[in-house]
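If you read the sequences in order, they're chains A and F. When the letters of the first sequence are read in order and numbered with our numbering, they come out as residues 143 to 633. When the letters of the second sequence are read in order and numbered with our numbering, they come out as residues 679 to 1173.
Source of the hints: derived by calculation from the structure; they are not laboratory data. Errors might be hidden in some of the hints.
[Unchecked claim] What the simulated footprint calls covered on chain A by chain F, stretch by stretch (three residues with Cβ under 8 Å from a Cβ of chain F suffice, anywhere in the stretch; the number is not a length):
(1) 208-219
(2) 286-300
(3) 362-373
(4) 553-564
[What the hints assert, rightly or not] Short derived list, chain F residues pointing at chain A, Cβ under 10 Å:
(5) R777
(6) D831
(7) V843
(8) D1020
Note that this is a predicted model, so its numbers are computed, not measured. By construction, the Cβ of each residue, glycine as well, lies at the ideal position given by its N, Cα and C atoms.
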Amino acid sequence: MVLSKAVSESDMSVHSTFASRYVRASLPRYRMPENSIPKEAAYQIINDELMLDGNPRLNLASFVTTWMEPECDKLIMAAINKNYVDMDEYPVTTELQNRCVNMIAHLFHAPLGESETAVGVGTVGSSEAIMLAGLAFKRRWQNKRRAEGKPFDKPNIVTGANVQVCWEKFARYFEVELREVKLRDGYYVMDPAKAVEMVDENTICVAAILGSTLNGEFEDVKLLNDLLEAKNGETGWGTPIHVDAASGGFIAPFLYPDLEWDFRLPWVKSINVSGHKYGLVYAGIGWCIWRGKEDLPEELIFHINYLGADQPTFTLNFSKGSSQVIAQYYQLIRHGFEGYRNIMENCHENAMVLKDGLEKTGRFDIVSKDDGVPLVAFSLKDRSRHDEFEISDMLRRFGWIVPAYTMPPDAQHVTVLRVVIREEFSRTLAERLVLDIEKVMYQLDALPSRLVPPPPTAALLVRKKSELETQRSVTEAWKKFVLAKKTNGVC
Amino acid sequence: MVLSHASPSHDETLSGTFASRYVREPLPRYRMPAKSIPREAAYQIINDELMLDGNPRLNLASFVTTWMEPECDKLIMGSINKNYVDMDEYPVTTELQNRCVNMIAHLFNAPIKEDETAVGVGTVGSSEAIMLAGLAFKRKWQNKRKEQGKPYDKPNIVTGANVQVCWEKFARYFEVELKEVKLSEGYYVMDPVKAVEMVDENTICVAAILGSTLTGEFEDVKLLNDLLTEKNKETGWNVPIHVDAASGGFIAPFLYPELEWDFRLPLVKSINVSGHKYGLVYAGVGWVIWRSKEDLPEELIFHINYLGTDQPTFTLNFSKGSSQIIAQYYQLIRLGLEGYKDIMENCKGNAAVLREGVAATGRFDILSKETGVPLVAFSLKDSSKFSVFDISENLRRFGWIVPAYTMPANAEHVAVLRVVIREDFSRSFSERLVGDIQKILHELDERATHAVTVVTATAAQSNDGVVAKKSVLEIEREVAAHWRNVVKKKKTGVC
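Can you build the whole structure from these sequences, using the hints too?
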């Protein structure tokens, strides 16, 4: 007689993942569990939870790349265990970064001699790039003021109110005053004339945006340069310009090569661009390029020496993955100039298809311009019964993530929906989106308004609000309160 | 009769990758090429160049994780296109980050009540974490001084000279003076007594390291806490402590649970740890935890609002990948306390094997301690004929990357080789490495003997009083030594 044994308690590899004890016993959320679990179970648990995240490819709120070719995915996975900062151990990866910096510097017409190498650095994103550029301006200005024997404790920076939140972070963390040029109805970017008026002796730089996050517009950097040139001529302050080309830096050179916005303008001293936006790389890479060595104070650069090799570095982050740098290099040589131009032209055309489709519905005003970043920002012609936030909510049911925002001061009464056209947003998707928006409008039309109070009834007694109405007005009040607290949350 | 056509010249998909025109023509290095190339060619070109990089698994210089389980690799690839900062679009990923913060806060004994959530954030690494912690200390101190009506323009921070370079970056970029406690021969970490002496009314915090990069030692945070408590009582300055537990934060709780270094000590207000070191995740994730809400000034926090949901954020970076956060969560639930303990004990065991092997050669002094980060730092007993730098260079020939460093001030005359024991460094590696070191010692001994013979020969020839010409080898050595000194002086630390 064979004695049979029940499967021992610890022999968990026999159970199927979905019926294993590890998926039945709940895992502690806020404390590390005592015991290990098998790797298949860990994988399945996390994978299943993540199914409830939004689909990155349908996230129309984001400029950040959500698709790359499988060959590039292979390179990314192979480099996932390389710590980018180990320059001596991974000299080829370091060389690839240098090549990217030089390619981008040339793209921006940096005034480099034939044998000169560009001054620039790869970062984790435009936030880090902007902080480095801002630090360089702040230090240069402080040194200049110290040499002149003047006070240097109140630096400020002049930008438009449409800046991305990382400028506010820079200002707050590095103790620089942020002077914002207010917007107005119909003019949603920084007015160069007003900006130059705000410049004073404490201004470390004026920051212009090539590709405003709100409506994709390119600011007129040339006009800013000319006006600032005149003012610098009068005052002798030498105030420089930084161009935040986070989105526009990989669009303008291909779609609008004659537009002068980069180092062709003499007062532009540094430019940042996001590799992970129209540089066509996954999240996690940006670039900052300086005009020349003089624009980056030597004292900010750290010289790390390993075994005698000098590597100058100027970054906020230290250890990080190498994958995105390699992916950026892949894109630059895979597509070349021709490929990037094709992709940007395609994005532009898809944006036009979407724009035309929306205009044809007759219900929307288009707030974005045709030139600029390929996106479509639109608002309702008639906001009396429903607003853009409701449309955004209802589009989620179809799977689309389309954000709704209010403009920053002084145009807070304007609300827009914004769809960003990325490389993989095809014409079919554009047409489908228009159809779904039409469906949503149809459904909203049939719903009672949440905004308008009900018409007065014949009985003129003051009547108690119904519970639903009370709920609605409370929600409305909180929504307004929260919106008021909102830091210009457009990203 | 069939007319045949030659294949048109731009039909590149027919040619094999290695014989295609795109691999024969050189690609411009510093300018974007005008034309596109096929994706297979782009892949192959880059893949082939990267073969000349070092092998990450043999990089014994780095603490940063170089291997994860295939299941985790799958999760990483699956989330590679998720932008972490889109909190509203990816609520589960955001929730996973919050869970990690809480798990790590509890691991560090943060005084959190049952229904409270921890105060902390995921960063790209310990550099960002340290800058955020330092910013919080600076702002708290400035606010305090403003209230007291005292000047607040000269903040300083007290650390040991053994700090990692990111503290120097923080000091330089955020305009805080760095006051370093110098080391001395035989004592390669910050001396708490000297540190407390250096504290003055402008000190925003004292930073202690749990796991010095040079020797892996844990600084005595408890002693620092006790001495600083006394000084605070006398002066009323209330100077806090930050613990840089970049390496040690995921070691001490498992190997040395009785060691008091974390929030159990009342003056410790924030701690940073690298998820990508002994947190066992690939490069790109760090964590900073604050003791409580009061330790993080509200004015530094940005409230980003999407469609009505408030998400408070305090980071330097904005857009970045989500993969490492998910990988950290995977490790925390996959391994649990038990799994991490097993791994750390294994690392410690392998470090002991290596240490004993190196000591058994009889040629080295071991500078690293037995407790601390599992690494072995050793120096030559006799550096007259060749140095640890020579050994390091020669080890490259075998594929090993073992760095050699000189200690910072005031112990610059001490040079060490350092091998970091990571999870994937097995016992057979230890044995093989010791074998290769012995081979190199043998070769270097022979070379040195040979050189001495040459030198004495040259000197002997001119025994009639004429100054002997230096042999070429001697001159080379002197020049190399001179340049090495110049470079060393410029060197900013160890990483």
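Status of the hints after comparison with the structure:
Residues of the stretch 208-219 of chain A lying with their CB closer than 8 Å to a CB of chain F number 11, which satisfies the three-residue condition for coverage. Proximity of the stretch 286-300 of chain A to chain F, defined as three or more residues with a beta carbon under 8 Å from a beta carbon of that chain, is not established by the 1 residues found. Under a criterion of three residues with beta carbons nearer than 8 Å to beta carbons of chain F, the stated coverage of the stretch 362-373 of chain A fails, only 0 such residues being counted. Coverage of the stretch 553-564 of chain A by chain F is violated. Counting CB-CB distances below 8 Å, 0 residues qualify, and the rule asks for three or more.
With its C-beta approaching chain A no nearer than about 5 Å, F:R777 sits inside the 10 Å limit, and its interface hint holds. About 7 Å separates the beta-carbon of F:D831 from the nearest beta-carbon of chain A, less than 10 Å, and the hint is met. Using the Cβ-Cβ criterion of 10 Å, the hint placing F:V843 at the interface with chain A is satisfied: the shortest such distance is roughly 6 Å. A hinted interface residue such as F:D1020 counts as satisfied when its beta carbon comes closer than 10 Å to some beta carbon of chain A; here the least separation is about 8 Å, so the hint holds.
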